[in-house]
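There are 2 protein chains.
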Amino acid sequence: MKDKFYYMKMALDLARKAGELGEVPIGAVIVKDGEVLSSAFNMRNQKGMATAHAEILAIEDACKKLGDWRLDGAEMYVSLEPCPMCAGAIVNARIKKVYFGAFEKKSGAVFSNFRLLFKGGLNHVTDAEGGILEKECSDLLKEFFLDKRKV
Amino acid sequence: MKDKFYYMKMALDLARKAGELGEVPIGAVIVKDGEVLSSAFNMRNQKGMATAHAEILAIEDACKKLGDWRLDGAEMYVSLEPCPMCAGAIVNARIKKVYFGAFEKKSGAVFSNFRLLFKGGLNHVTDAEGGILEKECSDLLKEFFLDKRKV
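These protein sequence lines are chains H and F, in that order. Quick note on numbering: the working numbering labels position 79 of the first sequence as 79, and the sequence is numbered without any gaps. Start counting at 1 in the second sequence, then tack on 1000, and there's your number in the working numbering.
Please note that a few of the clues may not be correct.
As the list claims (entries may be wrong) - SDA-like, lysine to any residue: derived pairs with alpha carbons at most 20 Å apart:
| hint | chain 1 | residue 1 | chain 2 | residue 2 |
| --- | --- | --- | --- | --- |
| 1 | H | K119 | F | G1073 |
| 2 | H | K119 | F | F1111 |
| 3 | F | K1064 | H | N45 |
| 4 | F | K1105 | H | G121 |
| 5 | F | K1047 | H | N45 |
| 6 | F | K1047 | H | R94 |
| 7 | F | K1047 | H | R70 |
| 8 | F | K1106 | H | G120 |
| 9 | F | K1119 | H | F111 |
| 10 | F | K1105 | H | G120 |
| 11 | H | K47 | F | G1067 |
| 12 | F | K1105 | H | N123 |
| 13 | F | K1065 | H | Q46 |
| 14 | H | K64 | F | F1111 |
| 15 | F | K1119 | H | S112 |
| 16 | F | K1142 | H | G121 |
| 17 | H | K65 | F | N1045 |
| 18 | H | K105 | F | N1123 |
Said to hold, decoys possible - Computed footprint of chain F on chain H; a stretch qualifies when at least three of its residues, placed anywhere within it, have a C-beta under 8 Å from a C-beta of chain F:
| hint | segment |
| --- | --- |
| 19 | 37 to 51 |
| 20 | 58 to 72 |
| 21 | 79 to 86 |
| 22 | 89 to 101 |
| 23 | 144 to 150 |
Hints in this document: simulated from the structure, not taken from any laboratory. Where is the CB? At the ideal position from N, CA and C, for every residue including glycine.
Kindly generate the complete structure, drawing on both the sequences and the hints.
See below:
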């Protein structure tokens, strides 16, 4: 069944690919009308690009596919709670709902340190649910940073 | 003299170009060590891209030029107070200081509705100054939306 766990597993697999390349392991999938519109993983170091987070790359690919900056009705599945840049992009792209895995206490901009999706003033409100496959998403990040310290 | 007004005038000229193309007139310039590293204007509609704000395009171009996601020591001049997405990108790119023109009460994420540059938790703090050539920057936007309503 293609439920939120199915798509979060897909985001997790993408996150693992990022990790194998030495990038912080974060993956994102955008789904619309039951179809995967785009998917991406963090490529900040490889691209040497401050904006190359998984969410931004997935949004840009989805916009290209639809030829529209509006991703109305689309949902995003991402393995880590988005940072302010990505949460802002999610709202700007008018994404309907974001499902994320692990919570990010410091830079998390959905529920944790900033609450960008719900505060009034922006032209769109994106719904959100956190903690989907939380342990798997969180463990993947912990192991990555543990391995980094060992090197 | 190449002071903050000089670079803000450059951002304003870019904003005007965006307006001529039917885009919300916003322009941005990134300066490092007294050299213009990149400049861009809002191209959201033309690119059909939710992330194609002036600030993001300028950051991406600057990263490409330096081959690095870190824009340490760089300053940004932008005609309107950045939205949450752009303010988040400015912090992620480790920009030193952002100078903006007009304040944006609703979506402004430096001083107005959100204060993303100063709140603890992120890996960098970007300094900011608003209100540079404020009237010119604000009038350009007002005229644009007034013309839109007449059509």
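Here's how the hints hold up against the structure:
1. K119/H to G1073/F: Judged against 20 Å, a Cα distance of about 32 Å means the pair is violated.
2. K119/H to F1111/F: Cα-Cα ~15 Å, so holds.
3. K1064/F to N45/H: holds, 12 Å
4. K1105/F to G121/H: holds, 8 Å
5. K1047/F to N45/H: Distance ~25 Å between K1047/F and N45/H Cα, so the pair is violated.
6. K1047/F to R94/H: Roughly 16 Å between the alpha carbons, so the hint for K1047/F and R94/H holds.
7. K1047/F to R70/H: With a Cα-Cα distance of about 12 Å, the restraint between K1047/F and R70/H holds, given a limit of 20 Å.
8. K1106/F to G120/H: Distance of about 8 Å is within 20 Å: holds.
9. K1119/F to F111/H: Given that 20 Å is the threshold and the Cα spacing comes to 15 Å, the pair holds.
10. K1105/F to G120/H: holds, 11 Å
11. K47/H to G1067/F: Between K47/H and G1067/F the Cα gap is close to 8 Å, so the pair holds against 20 Å.
12. K1105/F to N123/H: Holds: K1105/F and N123/H sit about 13 Å apart, inside 20 Å.
13. K1065/F to Q46/H: Answer holds: K1065/F to Q46/H is near 14 Å, not above 20 Å.
14. K64/H to F1111/F: violated, 32 Å
15. K1119/F to S112/H: holds, 13 Å
16. K1142/F to G121/H: Cα-Cα ~18 Å, so holds.
17. K65/H to N1045/F: holds, 15 Å
18. K105/H to N1123/F: Distance ~13 Å between K105/H and N1123/F Cα, so the pair holds.
19. 37 to 51: holds (count 7)
20. 58 to 72: Contact hint for the segment 58 to 72 of chain H vs chain F: holds, 10 residues under 8 Å.
21. 79 to 86: holds (count 4)
22. 89 to 101: holds (count 5)
23. 144 to 150: violated (count 0)
When the structure is compared with the earlier hints, violations turn up for hints 1, 5, 14 and 23 and for no others.
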